[in-house]
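There are 2 protein chains.
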Amino acid sequence: MPKVPRPGKAPTSADVARAAGVSRTTVSFVLNDVPGSGISDATRDKVLAAVRKLGYSPNAGARALRAGTSNLVVYAMPRWPLGHAIDTLLERARDALAERGLVLIVHGDRKLTGMDAARAWAELRPRAILADTWRCTPESVELLHQHGVQTVVLVGEESVPYAPTVVFEQKRIGVVAVDHLAEQGHRRIAAIVPTGDLREPGELRYVGVVEAAADHGIELARVDMPFDHGAALALARGWALAADRPTAVFAYNDEFAALMLRALRDAGLSVPGDIAVLGVDDTPLCELVTPRLSTVALHTTSFAEMHVRVLMDLIDRTHGDGLPLIPEHEPLVVRRDSA
Amino acid sequence: MPKVPRPGKAPTSADVARAAGVSRTTVSFVLNDVPGSGISDATRDKVLAAVRKLGYSPNAGARALRAGTSNLVVYAMPRWPLGHAIDTLLERARDALAERGLVLIVHGDRKLTGMDAARAWAELRPRAILADTWRCTPESVELLHQHGVQTVVLVGEESVPYAPTVVFEQKRIGVVAVDHLAEQGHRRIAAIVPTGDLREPGELRYVGVVEAAADHGIELARVDMPFDHGAALALARGWALAADRPTAVFAYNDEFAALMLRALRDAGLSVPGDIAVLGVDDTPLCELVTPRLSTVALHTTSFAEMHVRVLMDLIDRTHGDGLPLIPEHEPLVVRRDSA
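Top line first, the protein sequences correspond to chains R and U.
With the first letter of the first sequence counted as 1, position 107 gets the number 107 in the UniProt record's numbering; the numbers rise by one all the way through.
With the first letter of the second sequence counted as 1, position 289 gets the number 289 in the UniProt record's numbering; the numbers rise by one all the way through.
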């Protein structure tokens, strides 16, 4: 049965001090790990034993009021679906922050932008914030700093002048994909832009596809489609009848590429003989379908590590002497059998 | 370039009151949406305009100190990899909480349990907490309530007596899978338990497999394996040579099922003729592989909706008159071609 809450009964640091037979200042020194406070190990152990016995939990809000900031680091949830890349980033960031006495929390609102977003994040008085570039303006970053946020790290398509940015360029994926297909001799290609949740990254990748196709003098067909076998089959059947069909398709990601493999086979076309298919992400799926999928690999683990390294570098020298070196992140084609 | 932070310069509610020409009490009534406070629309608009102009963000910590609790709802990040199910849960919960003026945040620590976990979550003085059952004890739930947490909702394999629990039974998946294979006439089956990150849910599903196999008098072989084509191929080759090989394999999830499809074909075995293969999750992958995958569907969207409904029901009648009705959640087999 749910207990009726009893707010106000929570033990205070005064209770801890009484139980341990020390002053409240000593309790505060121990709990905040104040360097040079000259607390003996025996005293520290007594305080920690009292904390455990009483079930004392410091109040992050009260601490933030005293210090002007809390020990929280806020990651603003990105708008794209959660998956392996974000999971890896959160895992690495959490461990690195824990070593510094900081706690990673994810702010669940995916929609707020600009000053509205900054106000919502600032309510938590975090030490640092990671967010997508498109959610922040120069004014909103300024507002965060005014509220005691010491470090703001952005991630996005392009670097911005008002905060350190880790660049993750969707557009570059489209360029790398088309460069590969051009090298393979393709002169007529199709590119899929997903409808629905993935439309936005799809558009960004397509910008790169358009640029690279122009560079190579490649004829380009854009296909907007949902993740749906019926839609893929209709497309494939159209191509089966067309003399001037594309000889390769850039399929946005590995799932769409696998969908196209199935639809092309169902329409009587062979891969890569009639049409080559190129995915993105290098997921385990690539090895499981027939023919095995060629793909553009994004190295999300090394990207996550790089992202965390930049964040820690900035946190460690909080008042910033310039930007850390932010390395470029280049996608690479993994060749298998489909393209 | 990163701005040097200027803590302490953040506008206060007194600044807002001055700019709007109203009292601080009026500002507080407007910002906290206090019912029956008799604020006119004109005054409310003046206050909100001043809030925007000054870039004022209320301090969640200060609010929590006054009220004994904050407007935060903490979701303790589960230990299993983030994916579609958790994404859906977060999305639905965020919207439902926002309607109630509450903010969803995800606590990034996946490892803390018991009193350590409760103390870490309590630091944020949240209004409500969602967590996995295995992370909580009766004492830790008590500690949360003492710190003003009004609602604690757990999710786990079994209901517990000390907090409302939404049951999501991994074991039941194993039972449903084996019941299906038994109905199809299989008397010798293999079940995969993944090594690595997915081992724990794999063990829970296997408990159900063992129980159902005993009920049906089915001969059972347990296979512990990583997600790796080499390992799958070695297994499949062994089966190709064995007269008493299993006639069906329960493959933990759709990815493992697809891996086995490929390995069995590479070893010269046909599916489902030589060996049937059953996955779990009903992912899009099921339609993309050959033969199309039969699977146990978990209805994660309806589970997420149910979970959120229980949470909101508890939040809406905060001081609880009994538990809401928590419906059972039954996995179902989706039959395609592989089993």
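Don't read these hints as lab results, they were simulated from the structure.
Note that the structure is a prediction, hence the values are computed from the model and not measured.
From the three backbone atoms N, C-alpha and C, an ideal C-beta is built for every residue, glycine too.
One thing to keep in mind: the hints can contain errors.
To be verified - For the chain U half of the interface with chain R, some residues (derived, Cβ under 10 Å), not all of them:
id, residue
1, Arg-94
2, Ser-140
3, Ala-234
4, Leu-235
5, Gly-238
6, Gly-268
7, Leu-269
As the list claims (entries may be wrong) - Lysine-lysine pairs mimicking DSBU-like chemistry, simulated, CA-CA at most 35 Å apart:
id, chain 1, residue 1, chain 2, residue 2
8, R, Lys-111, R, Lys-46
9, R, Lys-111, U, Lys-46
10, U, Lys-171, U, Lys-111
11, U, Lys-111, R, Lys-53
12, R, Lys-111, U, Lys-111
13, R, Lys-46, U, Lys-171
14, U, Lys-53, R, Lys-111
What the hints assert, rightly or not - What the simulated footprint calls covered on chain U by chain R, stretch by stretch (three residues with Cβ under 8 Å from a Cβ of chain R suffice, anywhere in the stretch; the number is not a length):
id, region
15, 84–91
16, 101–111
17, 176–190
18, 284–292
Do the alpha carbons of Lys-111(R) and Lys-46(U) lie within 35 Å of each other, as the hint requires?
Satisfied, since the Cα-Cα distance of roughly 26 Å is no more than 35 Å.
Check whether the Cα positions of Lys-111(U) and Lys-53(R) lie no farther apart than 35 Å.
The given pair, whose Cα atoms are some 22 Å apart, holds under the 35 Å limit.
Using a Cβ cutoff of 8 Å, are there at least 3 residues of the region 284–292 of chain U near chain R, or does the coverage claim fail?
holds (count 6)
Against chain R, with CB atoms and a cut of 10 Å, does the hint on Ser-140(U) hold up?
Since chain R brings a Cβ to about 9 Å from Ser-140(U), closer than 10 Å, the hint holds.
Check the hint pairing Lys-111(R) with Lys-111(U) against an upper bound of 35 Å on the C-alpha distance.
29 Å, holds
For the hint on Ala-234(U), does the least C-beta distance to chain R fall short of 10 Å?
15 Å, violated
Chain R over the region 84–91 of chain U, status - at least 3 residues with CB closer than 8 Å
Per the Cβ count (5), the hint holds.
Min Cβ distance, Gly-268(U) to chain R: is it shorter than 10 Å?
This hint is violated: Gly-268(U) lies away from chain R, its Cβ roughly 15 Å from the closest one there, beyond 10 Å.
Does Gly-238(U) hold up as a contact with chain R if the rule is Cβ-Cβ below 10 Å?
Given a least distance of 20 Å, the restraint on Gly-238(U) is violated.
Check whether three or more residues of the region 101–111 of chain U sit with their beta carbon closer than 8 Å to a beta carbon of chain R.
Coverage by chain R holds for the region 101–111 of chain U (8 residues, Cβ < 8 Å).
Given a cut of 10 Å on the nearest C-beta pair, is the interface hint for Leu-235(U) held or broken against chain R?
This hint is violated: Leu-235(U) lies away from chain R, its Cβ roughly 15 Å from the closest one there, beyond 10 Å.
Counting residues of the region 176–190 of chain U whose CB is closer than 8 Å to a CB in chain R, do you get three or more?
violated (count 0)
Going through the hint list in order, the structure does not satisfy hints 3, 4, 5, 6, 7, 8, 13 and 17.
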